[in-house]
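*Asks:* Given the coordinates of chain Y, work out where chains X and Z with the ligand should sit on it, guided by the hints.
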Amino acid sequence: MSAHADTPAIPISFKRRAHDAVHDAQLRKNFRGAMDFLMAKRAAQFPDGDELERLRAFGNRVRARALSKLPDLLQRLEANLTRNGVKVHWAETVDEANAIVHQIVAAHEAKQVIKGKSMVSEEMEMNHYLEGHGVDCLESDMGEFIVQLGNEKPSHIIMPAIHLNAGQVASLFHDKLEVDYTEDVDRLIQIGRETLRRKFFEADIGVSGVNFAIAETGSLLLVENEGNGRMSTTVPPVHIAVTGIEKVVENLRDVVPLLSLLTRSATGQPITTYVNVISGPRKADELDGPQEVHLVLLDNGRSQAFADSELRQTLNCIRCGACMNHCPVYTRIGGHAYGTVYPGPIGKIVTPHMLGLEATRDLPSASSLCGACGEVCPVKIPIPAILRRLREENVRPPAAEPHHMRGQGSKYSRRERYTWKAWRTLNTSPRLYRLFGLAATRLSGLIPADIGPWTEHRSAPKPAARTLHELARDHLGED
Amino acid sequence: MSSPHSSVATPQATRLAPPLAGARNYPAQKPAEVYLFGTCVLDLFFPEAGMDAIRLLEREGIRVHFPQGQSCCGQPAYTSGYTDEAREVARAQLALFSHDWPVVVPSGSCAGMFRHHYAELFHDEPATLRQVEALAARTYELAEFLLEVCRIQLDDRGSPIKVALHTSCSARREMGTHVHGRSLLSQLGQVERVDHDHESECCGFGGTFCVRMPDISGAMVRDKTAALAGAGADAVVSADCGCLLNINGAFEKQQQSLRGEHLASFLLRRTGGKSDGVQS
Amino acid sequence: MNARDRILGKLKQSLAGTTPIADDYDDALLTAPWSYPAEHRVTRLCSLLQAVHGETVLTTAAEWPARVSEALASRGIDELLISPATAHGQQFAGYLALNGLVTRLKAYDRPVEQWKDELFFSTPASLTGTLGGIAATGSLVVWPTPAEPRLMSLVPPLHIALLKASEVVDNLYQIMQTQRWAERLPTNALLISGPSKTADIQQTLAYGAHGPKELIVMVLQDA
Ligand code: SF4
Numbered sequence: 001m002s003a004h005a006d007t008p009a010i011p012i013s014f015k016r017r018a019h020d021a022v023h024d025a026q027l028r029k030n031f032r033g034a035m036d037f038l039m040a041k042r043a044a045q046f047p048d049g050d051e052l053e054r055l056r057a058f059g060n061r062v063r064a065r066a067l068s069k070l071p072d073l074l075q076r077l078e079a080n081l082t083r084n085g086v087k088v089h090w091a092e093t094v095d096e097a098n099a100i101v102h103q104i105v106a107a108h109e110a111k112q113v114i115k116g117k118s119m120v121s122e123e124m125e126m127n128h129y130l131e132g133h134g135v136d137c138l139e140s141d142m143g144e145f146i147v148q149l150g151n152e153k154p155s156h157i158i159m160p161a162i163h164l165n166a167g168q169v170a171s172l173f174h175d176k177l178e179v180d181y182t183e184d185v186d187r188l189i190q191i192g193r194e195t196l197r198r199k200f201f202e203a204d205i206g207v208s209g210v211n212f213a214i215a216e217t218g219s220l221l222l223v224e225n226e227g228n229g230r231m232s233t234t235v236p237p238v239h240i241a242v243t244g245i246e247k248v249v250e251n252l253r254d255v256v257p258l259l260s261l262l263t264r265s266a267t268g269q270p271i272t273t274y275v276n277v278i279s280g281p282r283k284a285d286e287l288d289g290p291q292e293v294h295l296v297l298l299d300n301g302r303s304q305a306f307a308d309s310e311l312r313q314t315l316n317c318i319r320c321g322a323c324m325n326h327c328p329v330y331t332r333i334g335g336h337a338y339g340t341v342y343p344g345p346i347g348k349i350v351t352p353h354m355l356g357l358e359a360t361r362d363l364p365s366a367s368s369l370c371g372a373c374g375e376v377c378p379v380k381i382p383i384p385a386i387l388r389r390l391r392e393e394n395v396r397p398p399a400a401e402p403h404h405m406r407g408q409g410s411k412y413s414r415r416e417r418y419t420w421k422a423w424r425t426l427n428t429s430p431r432l433y434r435l436f437g438l439a440a441t442r443l444s445g446l447i448p449a450d451i452g453p454w455t456e457h458r459s460a461p462k463p464a465a466r467t468l469h470e471l472a473r474d475h476l477g478e479d
Numbered sequence: 001m002s003s004p005h006s007s008v009a010t011p012q013a014t015r016l017a018p019p020l021a022g023a024r025n026y027p028a029q030k031p032a033e034v035y036l037f038g039t040c041v042l043d044l045f046f047p048e049a050g051m052d053a054i055r056l057l058e059r060e061g062i063r064v065h066f067p068q069g070q071s072c073c074g075q076p077a078y079t080s081g082y083t084d085e086a087r088e089v090a091r092a093q094l095a096l097f098s099h100d101w102p103v104v105v106p107s108g109s110c111a112g113m114f115r116h117h118y119a120e121l122f123h124d125e126p127a128t129l130r131q132v133e134a135l136a137a138r139t140y141e142l143a144e145f146l147l148e149v150c151r152i153q154l155d156d157r158g159s160p161i162k163v164a165l166h167t168s169c170s171a172r173r174e175m176g177t178h179v180h181g182r183s184l185l186s187q188l189g190q191v192e193r194v195d196h197d198h199e200s201e202c203c204g205f206g207g208t209f210c211v212r213m214p215d216i217s218g219a220m221v222r223d224k225t226a227a228l229a230g231a232g233a234d235a236v237v238s239a240d241c242g243c244l245l246n247i248n249g250a251f252e253k254q255q256q257s258l259r260g261e262h263l264a265s266f267l268l269r270r271t272g273g274k275s276d277g278v279q280s
Numbered sequence: 001m002n003a004r005d006r007i008l009g010k011l012k013q014s015l016a017g018t019t020p021i022a023d024d025y026d027d028a029l030l031t032a033p034w035s036y037p038a039e040h041r042v043t044r045l046c047s048l049l050q051a052v053h054g055e056t057v058l059t060t061a062a063e064w065p066a067r068v069s070e071a072l073a074s075r076g077i078d079e080l081l082i083s084p085a086t087a088h089g090q091q092f093a094g095y096l097a098l099n100g101l102v103t104r105l106k107a108y109d110r111p112v113e114q115w116k117d118e119l120f121f122s123t124p125a126s127l128t129g130t131l132g133g134i135a136a137t138g139s140l141v142v143w144p145t146p147a148e149p150r151l152m153s154l155v156p157p158l159h160i161a162l163l164k165a166s167e168v169v170d171n172l173y174q175i176m177q178t179q180r181w182a183e184r185l186p187t188n189a190l191l192i193s194g195p196s197k198t199a200d201i202q203q204t205l206a207y208g209a210h211g212p213k214e215l216i217v218m219v220l221q222d223a
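Protein chains in written order, with UniProt numbering: chain Y, 1 to 479; chain X, 1 to 280; chain Z, 1 to 223.
In isolation and in its complexed conformation, chain Y is listed as follows:
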């Protein structure tokens, strides 16, 4: 498969893509339908609001506890995985992570890699990288497979091909796989199954992500419905798991609440078809399973988020996707418009640490701060508060100390700062404020009918004849 040309790694023109997406009726319809479906599925899994809230609080505590001892847990994880025969690698950047994967690939003279679903591998653009080194990477998750076939990127972290409807997949299969056009979903899935089956055992290496890395037992836990994750981690002789450094939990039992929150929040399932706990390569007396298991722990900006206790909460994320399913912005523009691997609310708060604020400067503004994301997040990440904080980092003077983030001050503008300072002066001086109110009401006829972005979709607001200050003073007297 060739490189993905249509979504650049650096989201330079978010507004442009958002504009196009908003005007794409088919896309709007696909997303609205899909999001409504996923919201209803989730709601049905949490009939008891009290249980939900207590479980979210518990999920938050479990994740926060893990982060509060993250370096220790990572070392315990490493020690226990090593004891179990898993090789652990560390990478600060995606380049380092890709180089590690490539080394393993080269050591085995591997030509064919089969992948289970892994957002971290998307973060690394692993397919692109390995293809550049003559190694074929094939996605095996049905959604990822479809997206790869169409030379696209995932538009959702859980449902990668959610932007397409059955007809669009049918056309794609017809064009690329040269099969008869059919919109029958069962048939389409069987075509996918048949195409990929042989690939599983031809592959030299299987790559997967990780949902939870368990320090106590040195285990990697993966959830999935299709079985491709189990295939990718079992059939090829070598398994490479890639994950972010935040994915570790302390004890095996900690996965119980997180698993329940994850599957119910993500797809509205009580549990996924498979929960696959891997604690080592094939033993001498075993007849299958990989001979080698590797874990690549990737930082890629996470340690920057970790350095600030407010931003650190970003790393609670268990990648359930509920925040995007409930996001009115994501529902309108879909995943591709973000131009980032992680779209939606979680993408807006995590990507600035990965790519820097320069490259993601519009993302924190692309929210009405309605709070739908924070309300459903199973680990209670205060996403709106973090978005607000990122806006603050965005407009701080670039050189101001302390420096929390790469790309601080990317939206810094003297003019805008002066405007807000003037706003402050106006609103801290009662006399000025009242004068302003008088002027605005008396001169409201001067407000032009076209005031930029507002009047594209609305009439210009008209100040009333007199302010409440005046009306209240007449009625109540000076107070």
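If you're looking for bench data, these hints aren't it; they were derived computationally from the structure. Heads up, some of the hints might be wrong.
[As the list claims (entries may be wrong)] Reference listing, derived: stretches of chain X covered by chain Y, where coverage requires no fewer than 3 residues with Cβ under 8 Å from a Cβ of chain Y: (1) 65-73; (2) 125-137.
[Stated by the list, open to error] Pair ranges (Cβ atoms, derived): (3) Z:Asp222 x Y:Ala99: 38 to 46 Å; (4) Y:Gln26 x X:Ser183: 53 to 61 Å; (5) X:Leu20 x Z:Ala16: 24 to 32 Å; (6) Z:Asp26 x X:Leu129: 28 to 36 Å; (7) Y:Gln26 x Z:His40: 44 to 52 Å; (8) Y:Lys176 x Z:Gly76: 28 to 36 Å; (9) Z:Asp26 x X:Thr10: 18 to 26 Å; (10) Y:His128 x X:His198: 48 to 56 Å; (11) Y:His128 x X:Thr10: 38 to 46 Å; (12) Y:Ala439 x X:His198: 34 to 42 Å.
A quick note: this is a predicted structure, and the numbers were derived from the prediction, not measured. Glycine included, each C-beta is placed from N, C-alpha and C at the ideal position.
*Replies:* What follows is chains X and Z with the ligand alone, placed relative to chain Y:
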């Protein structure tokens, strides 16, 4: 964040989510006097709604004080990332409420600013923080105050009407105002509240969001107005002036006759009060 | 310094002067809502499995081979991947012999590399044991062993699992604790809650994505 398990003293300590908030305790007695914080949008664009709020409170036998020094709660700067500017504007409002009377706010998101965000603004000024916490404890959104503190009994004098209620997102999520609004409307015998499609979804206002992201915000307000218009309602009410500005602007642009009205004006008019609640 | 030390160094520095959050694990929250009267456990497990297209057969320790045989016959399947090293493998072989049935029994008795093609393309059905079931989520606990390797429950299009009713517990937390998982996890431990499926095309559920298209759970009520 306050929790027995985190080391509160260290700012670098890993944060836990705040403990689950229990139901708010309301005073047993209706107070004799209250402050009204009018909010900046209402001041300029919906002053009649502010007057209607005052009349509703007065009808409950409460004396209303409107500090003339008030301006804005600071939210526009706060949500835009201009925290210092927001803090100074917030500080100016803090000085206005010297008596311990309740502060009633006819706009959910501004009430939420007092109740939830001032504490963040002043988290490292202990003396101000105490003042802020005291203010938060006596701040009420108007519908909440009428319902839970005044225990108002509304007597509907109007003819049968279908009403759709829009609640701003921050009001819904930080203040639970949709419950209060619904409950007040349900006291009106001739008023049938009708649901609208995706009722809990944002109207697309979001303060500066609507001008920074006009395409997305425009798509949101078009969907919201379509849902409201499609609900078969004769009237639209809301207790949030930002949303009203947005929704009414869109209705007008689309040349629809429907307009949103502030809940205070609607309630006053339905119960025989004289409202000058001209729809803006 | 290598990447490992740099990453750990940064993380440690960020936590300087802080104390870790205490482990106040709330097991009641994970057990109380997920507890059932003993007589309801199997019913719940079966209905959850059926809801995701799993088939459940209530049978007994003596009769299940006949039920398995019927299930195979009704699908026109004449061979079964089953381990001769397990008690259930021997029982099923005994049943076939006694009844003069011709179902071909295949053993997973060599490393997968030596018979991948056959496993992937000419093995229509498998039968494995389980370590128990979970009523809360309708899940089977499967820990692959040398006798019943990992792919046995994954590659054949039909997977038949034996489940003793007495080994159906309320919830995951409970079975983790009673079976002491944290001390003795195998190289691969699985929860299986239905046949393989996907909703990746327009949220439309389709079964048999990459794993078994069918899962039949034989519930041995007297075992
Ligand atoms: S931020 Fe929360 S809701 Fe969004 S993907 Fe992460 S865990 Fe899920």
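*Asks:* All the hints need checking, so say for each whether the structure fits it.
*Replies:* So, going through the hints one by one against the coordinates:
1. 65-73: Since 8 is at least three, the answer is holds.
2. 125-137: violated (count 0)
3. Z:Asp222 x Y:Ala99: 38 to 46 Å: At roughly 58 Å between Cβ atoms, Y:Ala99 and Z:Asp222 fall outside 38 to 46 Å, so the hint is violated.
4. Y:Gln26 x X:Ser183: 53 to 61 Å: 41 Å, violated
5. X:Leu20 x Z:Ala16: 24 to 32 Å: 31 Å, holds
6. Z:Asp26 x X:Leu129: 28 to 36 Å: 31 Å, holds
7. Y:Gln26 x Z:His40: 44 to 52 Å: 47 Å, holds
8. Y:Lys176 x Z:Gly76: 28 to 36 Å: This hint holds: roughly 34 Å between Cβ atoms.
9. Z:Asp26 x X:Thr10: 18 to 26 Å: 25 Å, holds
10. Y:His128 x X:His198: 48 to 56 Å: 38 Å Cβ-Cβ, so the 48 to 56 Å window is violated.
11. Y:His128 x X:Thr10: 38 to 46 Å: 42 Å, holds
12. Y:Ala439 x X:His198: 34 to 42 Å: At roughly 39 Å between Cβ atoms, X:His198 and Y:Ala439 fall inside 34 to 42 Å, so the hint holds.
The structure is inconsistent with the numbered hints 2, 3, 4 and 10, although it conforms to all the rest.
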